[in-house]
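So the protein sequences, as listed, match chains A and B.
Residue numbers for the first sequence follow my numbering, so the first one is 134 and each next one is one higher.
Residue numbers for the second sequence follow my numbering, so the first one is 32 and each next one is one higher.
In short, the hints are calculated from the structure, not lab data.
Errors might be hidden in some of the hints.
[Said to hold, decoys possible] Think about it this way: if two alpha-carbon atoms lie no more than 30 Å apart in a straight line, the pair counts; the simulated DSSO-like pairs of lysine-lysine are: (1) A:K232 / A:K201; (2) B:K109 / A:K232; (3) A:K138 / B:K93.
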Amino acid sequence: DQQVKQNSPSLSVQEGRISILNCDYTNSMFDYFLWYKKYPAEGPTFLISISSIKDKNEDGRFTVFLNKSAKHLSLHIVPSQPGDSAVYFCAASDQGAQKLVFGQGTRLTINP
Amino acid sequence: EAGVVQSPRYKIIEKKQPVAFWCNPISGHNTLYWYRQNLGQGPELLIRYENEEAVDDSQLPKDRFSAERLKGVDSTLKIQPAELGDSAVYLCASSLQGWETQYFGPGTRLLVL
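Taking the hints into account, I'd like the entire structure generated from these sequences.
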């Protein structure tokens, strides 16, 4: 079963606007969440994370929001830039299992 | 600082042939991971090493997959014999300690014909 789901395979956003990528999870034991960014022919790179004790974490243009009751998190990118075009993976873990479970990814395209 | 190095980058083989992938983690990183990423999916953990010890290999198909991490540094992942369904990108990652921030290599893209 897919414990971490990214239901939008792709997203297209105008440069300068906000990009919102969504992620849902089913395992209530998950207590740490991460976003990874992946360019073609490269491995995923860590972008931002959030612990379940918080509902928001911000790093420059990137903000992650966590809604535990809805088992939903989102990544906001403001303003979006052409270099943000990539595949974004949501990942989750419970600290006891010490492993990450990834979503399927969302391909973000920023149009000039 | 050099990142995670993987080789080969691409491999094409016929089914039933063996294949091996090599990973050199970031210097000083004790934890090493092998993931498999199927087309249109996220990475899925195959095995995790803490130094030389495989501490989680529950997702490794042990009938045909094997892995080793000699001396707690480099690691190899082997498939013998390969099947059509093994076509995927095999990613290696490492972390200093703990599992939160993992650094990924570029992956090996395997195509089994």
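A quick look at each hint next to the structure:
| no. | hint | in the structure |
| --- | --- | --- |
| 1 | A:K232 / A:K201 | holds (20 Å) |
| 2 | B:K109 / A:K232 | holds (22 Å) |
| 3 | A:K138 / B:K93 | holds (27 Å) |
Checked against the numbered hints above, the structure breaks none of them.
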